[in-house]
Amino acid sequence: MAKPLQTQNRRWIVTAIPYLWMVIFFLVPFFIVLKISFSNSEIAQPPYSPVFDLIVDGWDETLDKLASLTTDNYLRLIQDSIYSSSYLSSLWIAGSSTVMMLFIAYPIAYGMARAPKSWRPTLVMMVILPFWTSFLIRVYAWIAILSEEGLLNSALTWLGVIDEPIQILSTNMAVYIGILYSYLPFMVLPLYSNLEKMDDSLIEAAKDLGCTQIGAFWRVTFPLSLPGVIAGCFLVFIPAVGEFVIPDLLGGSDTIMIGKTMWEEFFNNRDWPAASGVAIALLIILMIPIMIFQTNEARQQEAGR
Amino acid sequence: MKRLSLFNVVSLTLGFTFLYLPIVLLVIYSFNAGRSVAVWGGWSTKWYGSVFENQQLLDAAWITLKVGVLSASVATILGTMAAIALSRHGRFHGRTLFSAMVYAPLVMPEVITGLSLLLLFVALNIDRGFWTIVLSHITFTMCFVAVVVQSRLSSFDRSIEEAALDLGCTPFMTFFRITLPIILPAVISAWMLAFTLSLDDLVIASFTTGPGATTLPMKIYSDVRLGVKPEINAICSLMVAVVTIAVIIASVLTKHQEVERERAERLAANAP
Numbered sequence: 004m005a006k007p008l009q010t011q012n013r014r015w016i017v018t019a020i021p022y023l024w025m026v027i028f029f030l031v032p033f034f035i036v037l038k039i040s041f042s043n044s045e046i047a048q049p050p051y052s053p054v055f056d057l058i059v060d061g062w063d064e065t066l067d068k069l070a071s072l073t074t075d076n077y078l079r080l081i082q083d084s085i086y087s088s089s090y091l092s093s094l095w096i097a098g099s100s101t102v103m104m105l106f107i108a109y110p111i112a113y114g115m116a117r118a119p120k121s122w123r124p125t126l127v128m129m130v131i132l133p134f135w136t137s138f139l140i141r142v143y144a145w146i147a148i149l150s151e152e153g154l155l156n157s158a159l160t161w162l163g164v165i166d167e168p169i170q171i172l173s174t175n176m177a178v179y180i181g182i183l184y185s186y187l188p189f190m191v192l193p194l195y196s197n198l199e200k201m202d203d204s205l206i207e208a209a210k211d212l213g214c215t216q217i218g219a220f221w222r223v224t225f226p227l228s229l230p231g232v233i234a235g236c237f238l239v240f241i242p243a244v245g246e247f248v249i250p251d252l253l254g255g256s257d258t259i260m261i262g263k264t265m266w267e268e269f270f271n272n273r274d275w276p277a278a279s280g281v282a283i284a285l286l287i288i289l290m291i292p293i294m295i296f297q298t299n300e301a302r303q304q305e306a307g308r
Numbered sequence: 121m122k123r124l125s126l127f128n129v130v131s132l133t134l135g136f137t138f139l140y141l142p143i144v145l146l147v148i149y150s151f152n153a154g155r156s157v158a159v160w161g162g163w164s165t166k167w168y169g170s171v172f173e174n175q176q177l178l179d180a181a182w183i184t185l186k187v188g189v190l191s192a193s194v195a196t197i198l199g200t201m202a203a204i205a206l207s208r209h210g211r212f213h214g215r216t217l218f219s220a221m222v223y224a225p226l227v228m229p230e231v232i233t234g235l236s237l238l239l240l241f242v243a244l245n246i247d248r249g250f251w252t253i254v255l256s257h258i259t260f261t262m263c264f265v266a267v268v269v270q271s272r273l274s275s276f277d278r279s280i281e282e283a284a285l286d287l288g289c290t291p292f293m294t295f296f297r298i299t300l301p302i303i304l305p306a307v308i309s310a311w312m313l314a315f316t317l318s319l320d321d322l323v324i325a326s327f328t329t330g331p332g333a334t335t336l337p338m339k340i341y342s343d344v345r346l347g348v349k350p351e352i353n354a355i356c357s358l359m360v361a362v363v364t365i366a367v368i369i370a371s372v373l374t375k376h377q378e379v380e381r382e383r384a385e386r387l388a389a390n391a392p
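Chain order of the listed sequences is A and B.
Following the working numbering, the numbering of the first sequence begins with 4 at its first residue and continues without gaps.
Following the working numbering, the numbering of the second sequence begins with 121 at its first residue and continues without gaps.
Calculated directly from the structure, the hints in this document are not laboratory data.
Treat each hint with caution, since some may be false.
Straight-line distance between alpha carbons at most 27 Å, and here's what the computed DSSO-like set of lysine-lysine pairs gives [as the list claims (entries may be wrong)]:
id, chain 1, residue 1, chain 2, residue 2
1, B, K375, A, K120
2, A, K38, A, K68
3, A, K200, B, K375
The following residues of chain B were derived to be distant from chain A, with all beta-carbon distances above 12 Å [unchecked claim]:
id, residue
4, G162
5, S164
6, N174
7, Q176
8, K186
9, V189
10, S193
11, F276
12, I280
13, Q377
14, A384
15, A388
16, A389
Values in this document were obtained by computation on a predicted structure and should not be read as measured data.
C-beta atoms are modelled at their ideal positions from N, C-alpha and C, and glycine is treated no differently.
Chain B extracted, bound-state conformation:
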């Protein structure tokens, strides 16, 4: 029987304090009435008020959200296709190159991805702006989608798919009636991952943007360079809140689905 020693308890406590303290302090100080980031001047929500009056900030948030939803959705479709190709299509011509292209962007420094995409858009003479950010975000997030979906595809029983094919399903129908429902939790969490990666990205968006398309991280970055402002604390706290709620909802949903699936599998196993 494993028991937590004092050493384990201390290292877990210190580790999680280190992980959470900065974010907690950021949120607390977003309610600071004073302008200082270190001196407490009483509770206030005025910085949240000024966030919603700052049109530039709101515009940037709206663009970021649009880029995130669009790119995550396309990346989920492309990434899922890539995952199917890698885990179901066996050996095809150029598979090594394909898997290298899918895995390489995961560890590629963002400055290189950003620069190379920008140079592509310049070479193709494409006007830079909203759509070039979307294209770039699709490209780097679809690789993360492919990895998440592929790990789910490789861990489930392929005989169910084969059974469906034997019973006369077309591969197309098999995917939508058998495979997709099983891998759906992974696809949803892959979408979430792609979405947050897109919301988060500063470097690639800075390279590939053009006039008029400023995303929220770009706006925050240029404000931070001018100095720490309580207003930035407020917008950051709002983003933390949105992500935390989304992650909790997603984990509850996947848990629920897993319980349902296990129940269905048990029923199927007990069926006469």
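The following block holds chain A by itself, in its conformation from the complex:
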């Protein structure tokens, strides 16, 4: 039995290389962020203190430095209303656009699932294709449409709906439109893959038993599609909470979202410890939805088997 043992020995390399990579570039950075979130902001290079160096400092000084770590950044997160309001408004914007998205995406996914079988791969491809083009470009395209002298205002004025251009760009309205547009495929695809598998005979049975078309939808189709609904909602909600590009380019100065606040803390104020604190707090907030999402996915996979 020498051979299997030998192959067993070499097999671990396939696991070890990506494992090590993720430890260095994902796990370790996470702990560095955690450490810096407890540091003090400094006007220096790097702009935080203390900087640990066990070899140069020796044990005693390292211990002193450990004692200088503070929880000030977290206290500020609670006390300064800019942070709490940006967390709340991020959650609110992400949550309400997820609900709106469900109303937009469900009819599309439902229509795709009921389309003739030969059309379906093309329809799926058509939903994915815009997703392949740059996110930045898709957001940028809306600036030209929504701006005051933009295409939407010109069209509405031409149609006589409005007399004067209305401001849409640089408002929360534009942020909602941007999120709905950018994340639509994330909602449509899980819904479609769920609805497509659904057994038609269940609906026929419901109708035979006296359900109306709409009754059959609410009593049979929708409850059965719930795993797809949950997957889609979290795929939209989680990235939308931390979104930076959309609120920055489409939103105005009164649009505050946590991704933007963190970016400004980092790039404009050069306050790295504060930015790290914001990041850790964001992760903690997202932990619960991420865990619900993963449990849902795991249950789906079990059911699929």
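Keeping the supplied structure of chain A fixed, place chain B upon it in accordance with the hints.
Below, chain B without anything else, positioned relative to chain A:
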């Protein structure tokens, strides 16, 4: 028999209009002779001309392309290894941590990934620039590769691999002669996904870059902040065209491969 109702047709039409109209308008207005983004001033290709005269823009595009090819290639290798580890190696020590590390970056807000990688490079005292962007892009795209390849690995018949092993193939040879040819379409589309994610990335690159390494999204972003310019429409339209052509070629290729594979499987099944 399923039939499309009027409601289905209307929702599909509106949905696809919503998805495509902004991009179509962007492309149309890139041919606008006037400077305005809303007033049509006649057809012109002059903005495409000025894109190719804008050295900064061309430099940024070249850097983006290099970062994309390099990071997608390494990410494809690492991600495929991760997928094999997750779907073929059963339970190994630290598997839970490993799968969490592979799946977490998929939903991690980009601002956090960017910040944490930057702080790593600062802590390690690495000069930031081209290579730090490449390392960062490898890290976040390899997770997408792992998911795409893993879904293919879990859906194919493992007995073929076992047969090869029984017939004396080493695991190494089995991978290159049996597994890889079967999962190749998934590996190729995973590479494409990694490549476009890298081309697309603004946030992570902004955090991890250094002097002299400006990628195209960073350049577009800083130009957009100064105002909408027809030149940006032109470069964006070019990017849309490149991606559309690449996706269509890839889908034709995978379709062709699938047809070939089905034919081979049918032949194998009918063999005496």
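Tested hints:
1. B:K375 <-> A:K120: holds (16 Å)
2. A:K38 <-> A:K68: holds (12 Å)
3. A:K200 <-> B:K375: With a Cα-Cα distance of about 22 Å, the restraint between A:K200 and B:K375 holds, given a limit of 27 Å.
4. G162: holds (17 Å)
5. S164: holds (17 Å)
6. N174: holds (17 Å)
7. Q176: B:Q176 is indeed farther than 12 Å from all Cβ atoms of chain A, at 17 Å.
8. K186: holds (17 Å)
9. V189: holds (17 Å)
10. S193: With a cut-off of 12 Å, B:S193 remains clear of chain A, as the shortest Cβ separation is near 14 Å.
11. F276: The assertion about B:F276 holds, with a minimum of 15 Å to chain A.
12. I280: holds (18 Å)
13. Q377: Per Cβ check, B:Q377 is outside 12 Å of chain A; nearest 15 Å; holds.
14. A384: holds (21 Å)
15. A388: holds (25 Å)
16. A389: Correct as stated: the minimum Cβ-Cβ distance to chain A is 24 Å, above 12 Å.
Every hint, counting from the list given before, is met by this structure.
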